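Residue-level listing of the chains:
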Amino acid sequence: MSDFAIELKGIDKRFGAVHANKNINLKVAKGTIHGIIGENGAGKSTLMSILYGFYQADSGEIFISGQKANIKDSKAAISAGIGMVHQHFMLVENFSVLENIMLGAEESAILTKGITKARAELKRLEEQYEMEVDPDAIIEELPVGVQQRVEILKAIYRKADILILDEPTGVLTPAEADHLFRILAQLKEQGKTVILITHKLREIMAITDEVSVMRRGEMVATRKTAETSVEELAELMVGRRVLLRVEKGEASPGDVKLSVRNLTVRDSRGVTMVDNVSFDVRAGEIVGIAGVAGNGQSELLEAIAGMRSATSGTVTLSGQPVDVTGPGDPADMRKRGLAHVPEDRHHTGLVLKFEEAENAMLGYHGDRKFGQSFLLDVEAVRKDAMEKIEQYDIRPPNPRLKTANFSGGNQQKIVLAREMERNPDVLIIGQPTRGVDVGAIEFIHKRIIEMRDQGKAILLVSVELDEIRSLSDRIIVMFAGRIAGERNPDASEGELGLLMAGVENKLEAAE
Amino acid sequence: MDTNTIVVLLQSTIRVSVPLILTALAGLYAERSGVVDIGLEGKMLAAAFAGAATAAVTGSAITGIGAAMLVSVALSLVHGYASISQRGDQVVSGTAINFIAAGATVILGQAWFQQGGRTPALSADARLSTYKLPGADAVRDVPVLGPVYSDLLSGHYLLTYFAFAMVPITWWVLYRTRFGLRLRAVGENPGAVDTAGISVVRMRYLAVTCGGLLCGLAGAYLSMALANGFVKNMSAGRGFIALAALVFANWKPKNILLTCLLFGFLDALSIYSQNAELPIMSSIPDQAIQALPYILTVILLAGFIGKASPPKASGVPYVKER
Numbered sequence: 105m106s107d108f109a110i111e112l113k114g115i116d117k118r119f120g121a122v123h124a125n126k127n128i129n130l131k132v133a134k135g136t137i138h139g140i141i142g143e144n145g146a147g148k149s150t151l152m153s154i155l156y157g158f159y160q161a162d163s164g165e166i167f168i169s170g171q172k173a174n175i176k177d178s179k180a181a182i183s184a185g186i187g188m189v190h191q192h193f194m195l196v197e198n199f200s201v202l203e204n205i206m207l208g209a210e211e212s213a214i215l216t217k218g219i220t221k222a223r224a225e226l227k228r229l230e231e232q233y234e235m236e237v238d239p240d241a242i243i244e245e246l247p248v249g250v251q252q253r254v255e256i257l258k259a260i261y262r263k264a265d266i267l268i269l270d271e272p273t274g275v276l277t278p279a280e281a282d283h284l285f286r287i288l289a290q291l292k293e294q295g296k297t298v299i300l301i302t303h304k305l306r307e308i309m310a311i312t313d314e315v316s317v318m319r320r321g322e323m324v325a326t327r328k329t330a331e332t333s334v335e336e337l338a339e340l341m342v343g344r345r346v347l348l349r350v351e352k353g354e355a356s357p358g359d360v361k362l363s364v365r366n367l368t369v370r371d372s373r374g375v376t377m378v379d380n381v382s383f384d385v386r387a388g389e390i391v392g393i394a395g396v397a398g399n400g401q402s403e404l405l406e407a408i409a410g411m412r413s414a415t416s417g418t419v420t421l422s423g424q425p426v427d428v429t430g431p432g433d434p435a436d437m438r439k440r441g442l443a444h445v446p447e448d449r450h451h452t453g454l455v456l457k458f459e460e461a462e463n464a465m466l467g468y469h470g471d472r473k474f475g476q477s478f479l480l481d482v483e484a485v486r487k488d489a490m491e492k493i494e495q496y497d498i499r500p501p502n503p504r505l506k507t508a509n510f511s512g513g514n515q516q517k518i519v520l521a522r523e524m525e526r527n528p529d530v531l532i533i534g535q536p537t538r539g540v541d542v543g544a545i546e547f548i549h550k551r552i553i554e555m556r557d558q559g560k561a562i563l564l565v566s567v568e569l570d571e572i573r574s575l576s577d578r579i580i581v582m583f584a585g586r587i588a589g590e591r592n593p594d595a596s597e598g599e600l601g602l603l604m605a606g607v608e609n610k611l612e613a614a615e
Numbered sequence: 006m007d008t009n010t011i012v013v014l015l016q017s018t019i020r021v022s023v024p025l026i027l028t029a030l031a032g033l034y035a036e037r038s039g040v041v042d043i044g045l046e047g048k049m050l051a052a053a054f055a056g057a058a059t060a061a062v063t064g065s066a067i068t069g070i071g072a073a074m075l076v077s078v079a080l081s082l083v084h085g086y087a088s089i090s091q092r093g094d095q096v097v098s099g100t101a102i103n104f105i106a107a108g109a110t111v112i113l114g115q116a117w118f119q120q121g122g123r124t125p126a127l128s129a130d131a132r133l134s135t136y137k138l139p140g141a142d143a144v145r146d147v148p149v150l151g152p153v154y155s156d157l158l159s160g161h162y163l164l165t166y167f168a169f170a171m172v173p174i175t176w177w178v179l180y181r182t183r184f185g186l187r188l189r190a191v192g193e194n195p196g197a198v199d200t201a202g203i204s205v206v207r208m209r210y211l212a213v214t215c216g217g218l219l220c221g222l223a224g225a226y227l228s229m230a231l232a233n234g235f236v237k238n239m240s241a242g243r244g245f246i247a248l249a250a251l252v253f254a255n256w257k258p259k260n261i262l263l264t265c266l267l268f269g270f271l272d273a274l275s276i277y278s279q280n281a282e283l284p285i286m287s288s289i290p291d292q293a294i295q296a297l298p299y300i301l302t303v304i305l306l307a308g309f310i311g312k313a314s315p316p317k318a319s320g321v322p323y324v325k326e327r
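Residue numbers (the working numbering), protein chains in the order written: chain R, 105 to 615; chain D, 6 to 327.
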């Protein structure tokens, strides 16, 4: 028998152009809690979904307890003793707890016998692991913490020896998270192996025995938790990247153009994503918001842009109050001088099936220069697009080409050209260079600085710490929906990394 | 209205409810698994034709029923292939089946029998047979109970008793068997089913096959019991009424029985009012009564019955890869 519950060798997985997992090797010792840490999009969930048979690896081998395993679907994973608690729970919401536990493990074609047995077994497990749930409660009426318990019970009920948890604390309150950790510790005592996927360093330090760090689809390091530090992990996670040089002079901030006060945003599940955030952006300065993806930056941007309604708080744009708690009106925000480069150009920035020229005016298509009456002046639209193409060096220079056929960098330039050339007072930019090649990055960065020097107020959100550091005049770090701190751009990477990991929060909480 | 009138009306209600019940239950299996089944009408029509044509040629009712079910299942699998395997638009696929059935039945009927799209009238052996409940003749003269037992409950087709029995059977399958648990789960959250190690595709194909079998029976009933052979477009929107009944019943077997009986009763009322004067209805034109089931459907579906809560994954193809 091997000492390793799981051994992965050379796992490789692509989704189209995205290389999600690059030649991953990983060993997880039996009876331990093994953390896998990395930023959102680093490939952690993909790797674990491969292990659970939800996706198929393009190449590579999986060994369970030293035996080579062919995990072609979840059924194979379950019979190999693997259980998984997905980030988005895999529960049937209008089923009872018992029905969810039994699904796929019913024992016989007619349920009656199975139900009695399952009920007894569930009661035994509940007592053994101190996980109380009412077997007849309907899932959608239970709080998320309890729903998660059902997921764990589901895995144990199927006699899982290896339990994978994908970002289990994302939806939990701190008290619920502590309870979860007690359960995990108990599972470990019973000889089970636990794999914990997270981007929260605090959790890794608190509960794991070993930790592996993933970055951009690669497994960059594995450490014994006792022999590493939060600083080292933060650095491994974010990575030391070559700082791109951006020529920029001193900022000369003017009046406050964008003012955010006590902004709170909850998502559709009722989880607080932005928690009582306040800051100002002045004319002629760039305020960068740094943070590990998923800490509320996206929701903050969307709330300011009018794409998502805030729960409470106020936003003032050029001295005028904005109704951010209402249904939101991005068109109105644009009229009032706010331009928004959304984080996800495919989803919200562009209509990929449209011609370049159509995307280059989208959202401003009511402008008189694009047509006086209800008809569009197609010539004017194309002429305007051509001007932007020349100015931003968009290639190929063809306004009639379908937008989907442009490269990522050029698509991003189409969005930037559209929003920047409107000459807005306030520009909010999400992930300006995500998926953009180096040449285009330099150009985009220069344009952002130019806009600042023209006296625009710029709010920049990026998960690329280098980008934030090289462009911003002030850096705000967000963690768990709150502002974890504000620093000057000359703050060290390590210092920012700690803020991004919420380490100071923990110290404050402990005091 | 005397007892006799009521018995006649109710007996007629039962007769016309049968295809609605069978078809609505067929829809229930498909939709509970997450496959929207707008092609019920077409499958019923195609099955009616296949049943009548086969029975006319072979002279055997059983062979006719078998052919009806076969054709209906085949169309269900086409719909399944388009919407489960190919992840196509389920409404488009179902609508296509409706069109194909409407056209193909007439063309094939004309080509094979040269009677303007009709099938030849069926002989007694080729039609479905009725079944007299024990003692029906003996109690006929007992007041009230006699007619109820002998005329209302007795003397229906075997398929009628089967259709009514299918309601509790479906309930039992849905809520008391492993198949039912998985069926309900796959229509609510296929991801949960997949991660529980069950094939989503297999479950959905099984479900549409169940639907096909029941729909085939409904078709056979139309052309081999209610009528004496196939007539062009004889399903006459019953598939859609059944679909409405399914929605109205909130995808629950017991409610399906009630809604189908209600729609059936309105249908029976309109048939009856064409032939006999009913005291309250003499001043209402026939057409208005005939339109009642449809009007009621619209009103009920427009929200008078509260919110319909369809299976969550209904109409959504299951895609695992991102």
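Since the hints were made in silico from the structure, they are not lab data.
It should be emphasised that the depicted structure is a prediction, and the values quoted were computed from it without experimental measurement.
Glycine included, each C-beta is placed from N, C-alpha and C at the ideal position.
Mixed in with the good hints, there may be bad ones.
Listed next, the in silico BS3-like pairs over lysine-lysine satisfying Cα-Cα at most 25 Å (straight line) [what the hints assert, rightly or not]:
(1) K317(D) x K179(R)
(2) K131(R) x K263(R)
(3) K113(R) x K172(R)
(4) K317(D) x K113(R)
(5) K292(R) x K179(R)
(6) K179(R) x K263(R)
(7) K137(D) x K126(R)
(8) K506(R) x K473(R)
(9) K325(D) x K179(R)
(10) K172(R) x K263(R)
(11) K137(D) x K176(R)
(12) K487(R) x K473(R)
Some, not all, of what chain D presents toward chain R, calculated at C-beta under 7 Å [what the hints assert, rightly or not]:
(13) D7
(14) P125
(15) T182
Evaluated hints:
1. K317(D) x K179(R): holds, 24 Å
2. K131(R) x K263(R): Roughly 22 Å between the alpha carbons, so the hint for K131(R) and K263(R) holds.
3. K113(R) x K172(R): holds, 10 Å
4. K317(D) x K113(R): violated, 39 Å
5. K292(R) x K179(R): holds, 24 Å
6. K179(R) x K263(R): holds, 13 Å
7. K137(D) x K126(R): Roughly 73 Å between the alpha carbons, so the hint for K137(D) and K126(R) is violated.
8. K506(R) x K473(R): holds, 23 Å
9. K325(D) x K179(R): Between K325(D) and K179(R) the Cα gap is close to 15 Å, so the pair holds against 25 Å.
10. K172(R) x K263(R): holds, 20 Å
11. K137(D) x K176(R): Violated, at roughly 56 Å.
12. K487(R) x K473(R): This hinted pair holds, its Cα atoms lying about 11 Å apart.
13. D7: Not OK, violated: D7(D) not within 7 Å of chain R, min 47 Å.
14. P125: Check failed: Cβ of P125(D) comes no nearer than 44 Å to chain R, outside 7 Å.
15. T182: holds, 6 Å
Checked against the numbered hints given earlier, the structure breaks hints 4, 7, 11, 13, 14 and satisfies all the rest.
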